[in-house]
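Same order as they appear, the protein sequences are chains A and B.
Numbering of the first sequence is given in our numbering, commencing with residue 1 and proceeding in unit increments.
Numbering of the second sequence is given in our numbering, commencing with residue 1 and proceeding in unit increments.
Hints were generated in silico from the structure; no laboratory data involved.
One thing to keep in mind: the hints can contain errors.
Identical chains share a label here; the pair holds if one copy fits it or two copies do between them.
Pairs of lysine to aspartate or glutamate residues, derived as EDC-like cross-links and limited to a Cα-Cα distance of at most 16 Å, are as follows [stated by the list, open to error]: (1) Lys240 x Asp317; (2) Lys184 x Asp256; (3) Lys269 x Asp256; (4) Lys240 x Glu268; (5) Lys198 x Glu27; (6) Lys125 x Glu91; (7) Lys198 x Asp74; (8) Lys116 x Glu94; (9) Lys116 x Glu190; (10) Lys157 x Glu391; (11) Lys157 x Glu59; (12) Lys144 x Asp74.
Keep in mind the model is a prediction, meaning the values are calculated, not measured.
Listed below, chain by chain, are the residues.
2 protein chains.
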Amino acid sequence: MHAEAIFTGTEMLLGQITNTNAAFLGEQLAAAGISLYRQVVVGDNLERIKQAINNARKEADIIIVSGGLGPTEDDLSREALAEALNLRLVEHPEALENVKRYFKSRDLLMTSNNLKQALVPEGAKILNNPVGTACGIFLEHDNKRYILLPGPPHEFKLMVTEQVLPLLQLHNNKKEIILSRILKMTNIGESAVEKTVKDLLHGQNPTVAPLSKPGQVILRITARANSPEKAKEMITPLEKEIRQRLKDFIFGTDDDTLEGIVGKLLAEKNLTLATAESCTGGLVANRITNISGSSSYFLGGMITYSNEAKINLLGVDPYILKAKGAVSPDVAEAMATGIRNVMGADIGIGITGIAGPGGGSPQKPVGLVYIGLDYKGKLFVKKNLFAGQREIIKWQSSQNALYLLWKNLNKS
Amino acid sequence: MHAEAIFTGTEMLLGQITNTNAAFLGEQLAAAGISLYRQVVVGDNLERIKQAINNARKEADIIIVSGGLGPTEDDLSREALAEALNLRLVEHPEALENVKRYFKSRDLLMTSNNLKQALVPEGAKILNNPVGTACGIFLEHDNKRYILLPGPPHEFKLMVTEQVLPLLQLHNNKKEIILSRILKMTNIGESAVEKTVKDLLHGQNPTVAPLSKPGQVILRITARANSPEKAKEMITPLEKEIRQRLKDFIFGTDDDTLEGIVGKLLAEKNLTLATAESCTGGLVANRITNISGSSSYFLGGMITYSNEAKINLLGVDPYILKAKGAVSPDVAEAMATGIRNVMGADIGIGITGIAGPGGGSPQKPVGLVYIGLDYKGKLFVKKNLFAGQREIIKWQSSQNALYLLWKNLNKS
Chain A
1 MHAEAIFTGT EMLLGQITNT NAAFLGEQLA AAGISLYRQV VVGDNLERIK
51 QAINNARKEA DIIIVSGGLG PTEDDLSREA LAEALNLRLV EHPEALENVK
101 RYFKSRDLLM TSNNLKQALV PEGAKILNNP VGTACGIFLE HDNKRYILLP
151 GPPHEFKLMV TEQVLPLLQL HNNKKEIILS RILKMTNIGE SAVEKTVKDL
201 LHGQNPTVAP LSKPGQVILR ITARANSPEK AKEMITPLEK EIRQRLKDFI
251 FGTDDDTLEG IVGKLLAEKN LTLATAESCT GGLVANRITN ISGSSSYFLG
301 GMITYSNEAK INLLGVDPYI LKAKGAVSPD VAEAMATGIR NVMGADIGIG
351 ITGIAGPGGG SPQKPVGLVY IGLDYKGKLF VKKNLFAGQR EIIKWQSSQN
401 ALYLLWKNLN KS
Chain B
1 MHAEAIFTGT EMLLGQITNT NAAFLGEQLA AAGISLYRQV VVGDNLERIK
51 QAINNARKEA DIIIVSGGLG PTEDDLSREA LAEALNLRLV EHPEALENVK
101 RYFKSRDLLM TSNNLKQALV PEGAKILNNP VGTACGIFLE HDNKRYILLP
151 GPPHEFKLMV TEQVLPLLQL HNNKKEIILS RILKMTNIGE SAVEKTVKDL
201 LHGQNPTVAP LSKPGQVILR ITARANSPEK AKEMITPLEK EIRQRLKDFI
251 FGTDDDTLEG IVGKLLAEKN LTLATAESCT GGLVANRITN ISGSSSYFLG
301 GMITYSNEAK INLLGVDPYI LKAKGAVSPD VAEAMATGIR NVMGADIGIG
351 ITGIAGPGGG SPQKPVGLVY IGLDYKGKLF VKKNLFAGQR EIIKWQSSQN
401 ALYLLWKNLN KS
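Bound-form chain A, shown alone (with noise of 0.2 Å):
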């Protein structure tokens, strides 16, 4: 059983609004075993929704089309689907009390185009809306199904998972689910990762397939079954092998993010971070306080831009600066020896680059960053050369900072 995804609205083309419909769709429908083949968005326009209608028919069982059921002209899903099967639109009772009720409810006068959201093609049946005027409409023919449901994303995530999920399990008898273990690695790039585990990505059932972002490659292993524990014991053995292969990279499943991993590490081993940070102009504390808890173990940090307050608050040699430079090993080595000692924290972290776009020379170009790490006084420097704009190099470094701080509390 297979569906199709329209969505109508002349704003999602004109780039007004983001679609967010489309991926929280995708999600319950996967997590319900149903596949999705493919997303369309179309404009307010009445033959453009009865094509992707009617091209939808020709292979999906179910079509789903979100928006075009309010009040006004530009709502025009239930007239296209009307008209794409030939059916008539007919007044819904149950509807008509629907919208009523909502205007009696609100005190609000009912206008004589809102008696429109009572209109569905003959056959059909109504979903209630418990937060809106607009009914959605549930119509089986000709062997497939078709729903039709308010576009505002409240309106349409409430609908999807108390309406439509049920409705769909009802009749999904095949009893196939989709599930997916997410595997995220850092400090390696993706092709590097795909030559790695060439030999698995050919499966069909279950499925791995790579996925990278700045600073980020993710292994997606997804498997289809008749129950989660079937797909989870499908995809255990590969995801072993996948780790013994990429053991260095793999930080964390699913949800997880870098941050919240080395959090989570440092609270178990109970030790205590501080961060310097140039280049990167206090990113890495962000992402670090972005988890809940970091007070526990994150100390505090400084963002110090200037060789003054290199040398002033963190202590750093104002002759390796003059020798060195602020962007080199030594002075990234220095910071995190420096914070550490202010804050008197465990662990420090100093990272000095630049992240232009002004600011490059050839020796010492945008996209150069010194990450440097003081554990418990060892001393750890990485030289990376990063491209991308501003936000992409702070990003990738931030990212780099997590990294070389993980492989060092896994090691400890």
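Once you've looked at the hints, dock chain B against the given chain A.
Same frame as chain A, now just chain B:
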């Protein structure tokens, strides 16, 4: 001339990532006067991408495909285009050079699967990608234009603006354009904004539409006209009227950010800034340093979670901490003054509060945040009570700190 956009990526169908390229592309095409009639999302599957391209070319003049240009076996857009049009894939010497150069400049080892990124359908040109290994592909075939772009949002967006729009504008002869002007506000809620401009929300051309997210409300004025000058003429009087009504809250327009506007004012007035953050954990410093050139006015910052750090590093009076508690207006002010003194800045910001989810009490609930400002010795403090999760509370705190600074920079 109209376009269709195809976004490839199974992770979008599964709801694992939100398709942010779609809104961006829609906005950019609209501004360039190119209608986007349909957006389609399909998985990483050769047949389905091919089918999407074939569907699109039945109607659209311009077919834009996002994603699937990476080095892995999941990356299938170039193959799909070649098969759809019955063209061979050939190695493009310039694309090969680009891939090699990218790896060389970063001292990375190029693996053989990266060579795939040098393939293009015969007759295609490449579109340079300054921030990644995957070139874009531009092909004119049978009076249609095909544009393939890498999927990672920072690559996609840069290439749309820098390569695709100039290329399409060359070919666009219709000339009706859509122009939007965005007015950005903070420190005011959406319903207050809506109430203030209620009478302006019903126009057909130009239109005015509100949109809000935590800590920010925008009003978008959109006009259709046959020239940018004409559209601007239609927008200007409306913008003037709105500015008159909401001038205390409108900090910027279009792509402006609050941190960018504040930075510009600091640079213009030749003033320096330092930050002392507790509950925001470095977020304010991070946002300020996202602006290139911020090192000329941002002297540095501290993240002081503990009382000891507040006392020893910022010179906060321990008696105040004891008498009023760390989350108090007095401590916010003392942090602002402390960091101003330590860094030798003209302006100091101090933030103390409870970001949650733990640490709240009936007297001092989660979301209580004090923001202190020491503006050349003049003290201001603002009490806030924010709702939402930890990161939302941090974000709103940073937004309000920058707003307080912005207001005072405008006054002086």
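Subject >> Hints the structure fails to honour >> reply: 1, 3, 4, 5, 11 and 12
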